[in-house]
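Visitor: Here are the chains, one letter per residue:
Number of protein chains: 2
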Amino acid sequence: MKSLLIVAHGSRREESNNEVRDLVKKVAGMNHDFYEVRSVFLELAEPLIPDGIRAAIANGATKVVVLPYFLSAGRHVVEDIPADVEIVKAEYPDIEISIAPYLGMAEVIPQILLNQTKQ
Amino acid sequence: MKSLLIVAHGSRREESNNEVRDLVKKVAGMNHDFYEVRSVFLELAEPLIPDGIRAAIANGATKVVVLPYFLSAGRHVVEDIPADVEIVKAEYPDIEISIAPYLGMAEVIPQILLNQTKQ
Numbered sequence: 000m001k002s003l004l005i006v007a008h009g010s011r012r013e014e015s016n017n018e019v020r021d022l023v024k025k026v027a028g029m030n031h032d033f034y035e036v037r038s039v040f041l042e043l044a045e046p047l048i049p050d051g052i053r054a055a056i057a058n059g060a061t062k063v064v065v066l067p068y069f070l071s072a073g074r075h076v077v078e079d080i081p082a083d084v085e086i087v088k089a090e091y092p093d094i095e096i097s098i099a100p101y102l103g104m105a106e107v108i109p110q111i112l113l114n115q116t117k118q
Numbered sequence: 000m001k002s003l004l005i006v007a008h009g010s011r012r013e014e015s016n017n018e019v020r021d022l023v024k025k026v027a028g029m030n031h032d033f034y035e036v037r038s039v040f041l042e043l044a045e046p047l048i049p050d051g052i053r054a055a056i057a058n059g060a061t062k063v064v065v066l067p068y069f070l071s072a073g074r075h076v077v078e079d080i081p082a083d084v085e086i087v088k089a090e091y092p093d094i095e096i097s098i099a100p101y102l103g104m105a106e107v108i109p110q111i112l113l114n115q116t117k118q
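One line per chain: the protein sequences are W and H, in this order. Quick note on numbering that gives the first Met the number 0: the first sequence kicks off at 0 and runs consecutively. Quick note on numbering that gives the first Met the number 0: the second sequence kicks off at 0 and runs consecutively.
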């Protein structure tokens, strides 16, 4: 029972948070082997990362993959997200909680950027 | 003479800014019709957006495409980047300066997120 949590930064603009939630719904509707896909936020929007992981575990997850929807290895990716994950790991030592490579590491990003100039 | 400026947020972590600069070099080395591709930053790193656009024009650009390397339509994309672009548009009314759709609008993002969980 693998759960995917996509972590965005969170914004004071609720439209921006809803944009993330809509994206996560798109991911959930695609072909994959996660039994659920959830959106979580580092700050400014809910649920926050620890609460999102706890909710996934309460819903039956035995593995949780946390995927940072971030573009560069700034402080949030390097320190803040791992720190939030560690909080829940300490609470549930039997659950496997891992952090996937953040979006900005995807090798296709340069080509996607060029494609955006042709829209 | 079209110049592409990729705008990132900018970080206090210089490694993070250099990650963006490396990405922009990758884009520059790909197949496209821009005579140059530059990195610019909204804040915290240099060059800032107005200075980057001015440098492109000084280097011969007659068209400038500003591409937000951002994932959601938060305040930075909706207000701050357009405001910076307007400053330079007022200075150079004969130069065509446009803003391309920000990265997060790319329709392939959900699939790329799933691919990241397989890394």
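Please keep in mind that the hints were generated in silico from the structure rather than gathered at the bench. Hints may contain errors.
Identical copies carry no separate label here, and so any pair may be met within one copy or between two of them.
[Unchecked claim] Once the Cα atoms are required to be at most 25 Å apart in a straight line, the calculated SDA-like pairs of lysine to any residue come out as:
#1 K62 to Q115
#2 K88 to L113
#3 K25 to V107
#4 K25 to T116
#5 K88 to E106
#6 K1 to R12
#7 K88 to M29
#8 K1 to V64
#9 K24 to E90
#10 K88 to E18
#11 K88 to E14
#12 K1 to V84
#13 K88 to D21
#14 K25 to E42
#15 K25 to Q110
#16 K62 to R11
#17 K62 to H31
#18 K24 to V107
#19 K24 to P100
Quick caveat: nothing in here was measured; it's all calculated off a predicted structure.
Visitor: Quick one: K88 to E18, C-alpha cut-off 25 Å, is that within a copy, between copies, both, or neither?
Guide: So K88 and E18 fail the 25 Å test inside a copy (29 Å) and across (30 Å) alike.
Visitor: Can you tell me if K24 and V107 fall within 25 Å by alpha carbon in one copy, between copies, both or neither?
Guide: Intra 22 Å, inter 14 Å, cutoff 25 Å: intra and inter.
Visitor: With identical chains, the pair K24 and P100 could be close in the same copy or across copies; at 25 Å between alpha carbons, which is it: within, between, both, or neither?
Guide: Both, since 20 Å and 21 Å are each at most 25 Å.
Visitor: Reference check for the pair K25 and T116, CA-CA at most 25 Å: within, between, both, or neither?
Guide: Cα proximity of K25 and T116: in one copy and across copies (23 Å, 15 Å).
Visitor: For the identical chains here, do K88 and D21 meet the 25 Å Cα criterion within one copy, between copies, both, or neither?
Guide: Close neither inside one copy (28 Å) nor across copies (34 Å); limit 25 Å.
Visitor: How would you label the pair K24, E90 (within, between, both, or neither) given a Cα cut-off of 25 Å?
Guide: Intra 28 Å, inter 43 Å, cutoff 25 Å: neither.
Visitor: Is the C-alpha distance from K88 to L113 at most 25 Å within one copy, between copies, in both cases, or in neither?
Guide: This pair counts as between: shortest inter-copy Cα distance 23 Å, intra-copy 39 Å.
Visitor: When Cα atoms must be at most 25 Å apart, do K25 and E42 count as within-copy, between-copy, both, or neither?
Guide: within (22 Å within a copy, 32 Å between copies)
Visitor: At 25 Å max between alpha carbons, let me know whether K88 reaches E14 within a copy, between copies, both or neither.
Guide: neither (31 Å within a copy, 28 Å between copies)
Visitor: Using 25 Å as the alpha-carbon threshold, which applies to K1 and V84: within, between, both, or neither?
Guide: Only inside one copy: K1 and V84 sit 16 Å apart there, 44 Å across copies, limit 25 Å.
Visitor: Go through the copies and call it for K25 and V107: within, between, both or neither, with a Cα cutoff of 25 Å.
Guide: Both: 19 Å inside a chain and 11 Å across chains, each within 25 Å.
Visitor: Is it within a copy, between copies, both, or neither that the alpha carbon of K88 lies no farther than 25 Å from that of M29?
Guide: Neither, since 28 Å and 42 Å both go past 25 Å.
Checked against the numbered hints given earlier, this structure breaks hints 5, 6, 7, 9, 10, 11, 13, 16; the rest are met.
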